Amino acid sequence: MRVRITFTKQNALRYIGHLDLHQLWERTIRRADLPLAYSQGFHPQPKISLAAALPLGFSSRGEVLDMRLKENMSVEDISKRLSDNLPVDVKIINIEEVEENLPALQTQVLSASYNVQLTEPVERSELMRRVESLMMSESIIRERRGKQYDLRPLIEMLSVITEANGNVWLKMTLAAREGATGRPEEVLLTLDIEPETTLVERTRLIFIT
Amino acid sequence: MFIYAGKVAIRCYFYIRYNKKMLSPQQIESKLNRILLRVQKPGRYVGGELNSVVKNWDDVKTKVAFVFPDIYDIGVSNVGLKVLYDQINQREDALAERAYSPWFDMEALMRQHEIPLYALESKRPLACFDLIGFSLPYETLYTNTLNVLDLSGIPIHSADRDDSHPIIIAGGHAATNPEPMYKFIDAFVIGEGEEVIHEIVNVIQRVKGQRSKVNGDLRPETCDRNEILHELAKIDGVYVPKFYVTNYLEDGTVAYTEPTIPEARKLVNKRIVAKLPPPPTKFLVPNIDVVHNRVSVEIMRGCTRGCRFCQAGMITRPVRERSVEEVVEAADAAIRSSGFEELALLSLSSSDYTYVKDLVDAISKKFEGRKLTVSLPSLRIESVSIDLMEKLKQRRSGGFTLAPEAASEKMRRIINKYIPDEDIINTTREIYARGWTTVKLYFMIGHPSETLEDVQAIADLCKRVIAEGRKVAGWKVKLNAGVSTFVPKPQTPFQWVSSDTRESVLEKQALLKRELYKDRSIKLSLTEPEDAILEAWLSRGDRRMADVVYTAWKNGSRFDAWKEGRKYDTWMQAFAEHGLDHAFYTHRQRRTDEVFPWEHIGTALRKNFLFQDFRMSLEGQIRVDCRLNCFACGILPTFANLRRENPGKGWMCPDVKSPATKVKSETVNSNQLPVVGD
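In order, the protein sequence lines correspond to chains G and P.
With our numbering as the guide, the letters of the first sequence map in order to residues 19 to 227.
With our numbering as the guide, the letters of the second sequence map in order to residues 151 to 828.
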C-alpha cells in the first residue's frame, strides 16, 4: 500500500539535511516495525520519497512523504506506531492511503509557502515600500552559483503581516517546480534583510491537483 | 569552620552572579541560531537525538556532563561513555548530559560570539555542572581536553579552580599514564568506570549536602573542592594527582612518586567489575551521518593473547565474557529501539569468545531477513573465521579484515603474535575463493629491532596473497594493506623500548611504496611518521610534559590526530620553551631499573611479569594464550577476593593453585635475533 504523510520538522531537526531526514524516516519505520517495501536489485533501497528538499536551517509544518508497505494495514495503526517512534521534533499532521499508480510525489510539487520571522527590528513602512517595489518589478536578475536567473517570476505571493501587538513578519509563496525553485533567502536579500537574522518556516507545499 | 565555610560560599555567590555571566539555555540557543548555518554539519551541535535523556534540571541533586573531546561524529557512538551516561541517568538523584569538541569552524564562531561550550541536552554551559567526566581513550585528545575547559570558561589548571567550578575527572585507556595531564584533571579514574562513577557522585552529594545544611539555602551548589578531592582520593581506583609528589634523578628519570597525605594510596590500582553489567540497549540515534551508525554490543572484555605491543590486551584483563543469550537479547532490544542498520559485536579478539559459533548462529537466526549488517571484528586468521563471516553476511560486500601485524618469523616472535605465512595464505586464498574480492591486512612497522628485511617481508607477503588470490578468483581480487607505526605504550612489555625514528620510519615506508605501488590491485595506506612520534611522547610522558601540553595548546595545537590539526612545529617549540627534549620521551631505551612516571598507577600487572615478557621478546620466545596456561601476570592475586565473591564461568583465567606455575614457551635460536634497542 502507498501511504502519504504530512509532518512537521522543528527545533534541533531544522539543522539536518535532506538525506539525513530520509535516513531518519527509514529508521523510524524500522523501529515501528512496519513492513516497508524495498526496491529490487543488488542494493535494495527503501521505498520512501520526500516531496521537496527543505533547506538546512528552515523549520516546517508541512513536509510530505510517500512510503510503500508490503502489506496493507489500517492507517490508524500506522499512524500510532510511527508517532510512538518518531524523535520529538517530528510530528505527524496527516496520514492517508493514496492510490498506488499516482505519479511520483516530487514531480507534483508546484510551489511552497513560507513564514519569515524577523529577529531584528525593522521599520514597517520601509519594509512595505521595499516589498511593493519588488512586486512591481518586471524582473529581478540575480546570480546564484555563477548563473544568472530571474527571481521575479518565481515569486507568486509576498506580503508583510502586522500582528495586533505590532510584531511584523513576512509571508511568501515561491515556485517549487523542478528547475524553477524560488529560495526565500534570495527574496530576503533582495529586500535588504540579512537571512541570518531571520527564522524561516515552510508552512505548506502546494501540489498539482 | 562554620565562619570559614560561610565566607567561601558568599564569595562564590558573588563570583557566579556578577562576574561570570552564565548564559541561560535560551540565550545560548538564540546565539546558536545566528551561527549554526555558517558551520559544516550544524547537526553536530543541536542534540535532539532519539534516546537522549533530558531530565528536569531542578529535580535532581547532581548534574554530570560527559565529554568526548573529539568531534561529535566520532564521540557520539563511543560505547564507554554510553555505559556511564546510562549508569547516571538511571539514578533518580542525578542527570547526565553530553558534550563534544567543536570543530575549528564552530570553535571560531563560539569564541567570536562568546558562546560557552554547552551540554547538548539542556543547552546549559558546562560550567553549571557539578562534575565533568572526560573520556580519554587516546593521548592525542589531550589538547582538545584543555580546549574544552577553556571554551567552557573553566580554569585550565586544577590549582586555579575554586569552589564554584565543577570537579573535573577523566578516565579511559590513556589514564593508565595520567601524568602528562596531572595539572588539568582533578581526579582520574583508573580502570573500569561502571561502579566507581556512582561512588564519585555519592561523595559529591555527601559533601555538598553537608554544606547546604551548614549554610541553609544560601548556595547549596557550591562545594568545598578540597574536601571533595580528599574524599575522592579514598575511593579505590581514583587518583587525585595533587596529593602526590614526583622527584627526579640527575638523568631526568623519575626517582619516585609518593603520596603527600595519608588518605592517598601509594599505588592506585585499577577498578574492574567482577561481572560485566547488562549492556546498554537504548542507543543514541544521531540525526546526522556519523562514523559508526550502529548498535555495539560488547561480547567480552579483556584478551588472553598477550600480544606485546597491545596496551588494550594488557590493561583490560581479566577476560570476562557475556552469555550468548545476554548478547542476543541486548542486540535485539537495541536494534528495535534504535532502528540502526548495523550491529557490531565488540571484543578485542572475537575468535577467542568461547561460544563464538553459537553466538553467530543465534544472531543470524534472530535477524534473518531484517536487512541488518553484522560486524564481528578481530577474527583469527583461520578458515573457521570465514565460516563465521559467511553466516553473518548475505552479501560479500566490504572487505574481509585480518591483522597479521608482522610478516617475518623474527618479528612475529618479538611481538608475540605468531601466525605462519601458510596460515595467512591459505586463509586469504579461501576468502577470495568464497567470493570476497577485497582482503584488508593490517601490519605494523617501527619496532626498534626491525630491519628493512622484515619490512620487505610485508611487501612479499602482500604480493603472495594477491598472486594466490588470482589463482582462485582471477584478476578482480584486491588487497588493502594498512601499515601503521608502532607506538610503545605504558603498562605493556614494550614500555622499555625506544620509538623508531622519523628517518627510519620514512625509509621503511619508502620501501613499501616502492614495492607495492606498482601493483594496482594492492592499495597501501600509511600513517604520518610525525603522528606516531607525537603519540609516543604523550604516552610515556612524565609530569613535566604537562607544561608542554599546555604550551602546545596555547599556541594552537588541537585535534592532534587530524591532518587539519597536525602542528608538529608547535610541539617542538613547546618542548624548547620548557627546556625539554622530546627524544628523551620518544627515542630512549629505558634502563631496566628505571622508575616509570606511571609506577604509582596499577593495572594489576606485576612489573616483573612485564619485564620477563620483554626479555622473552628479545629472545624470540612466544607465550601462548593464557587461558591455557597462567603466566602469573598479577590479575589473580590482585582480584582474588573479587573472584571468590563472584564464582561462575564469567572469568577466563585458568584455575591456579600455587601462586606461580611454570612458564611454557618455545624458543628459537637466539643468535638469529638482534637485541632490541641495540
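In case anyone wonders, no lab produced these hints; they're calculated from the structure.
Some hints here could point you the wrong way.
Stretch-level coverage of chain G by chain P, calculated; a stretch enters the list once three of its residues show a Cβ under 8 angstroms from a Cβ in chain P [stated by the list, open to error]:
#1 34-40
#2 62-76
#3 102-108
#4 172-186
For clarity, every value in this text was computed on a predicted model and none was experimentally measured.
Beta carbons: idealized from backbone N, C-alpha and C, even for Gly.
Against the structure, the hints come out as follows:
no. : hint    : result
1   : 34-40   : holds (count 4)
2   : 62-76   : holds (count 3)
3   : 102-108 : holds (count 4)
4   : 172-186 : violated (count 0)
Hint compliance for this structure: hint 4 is the single one not met.
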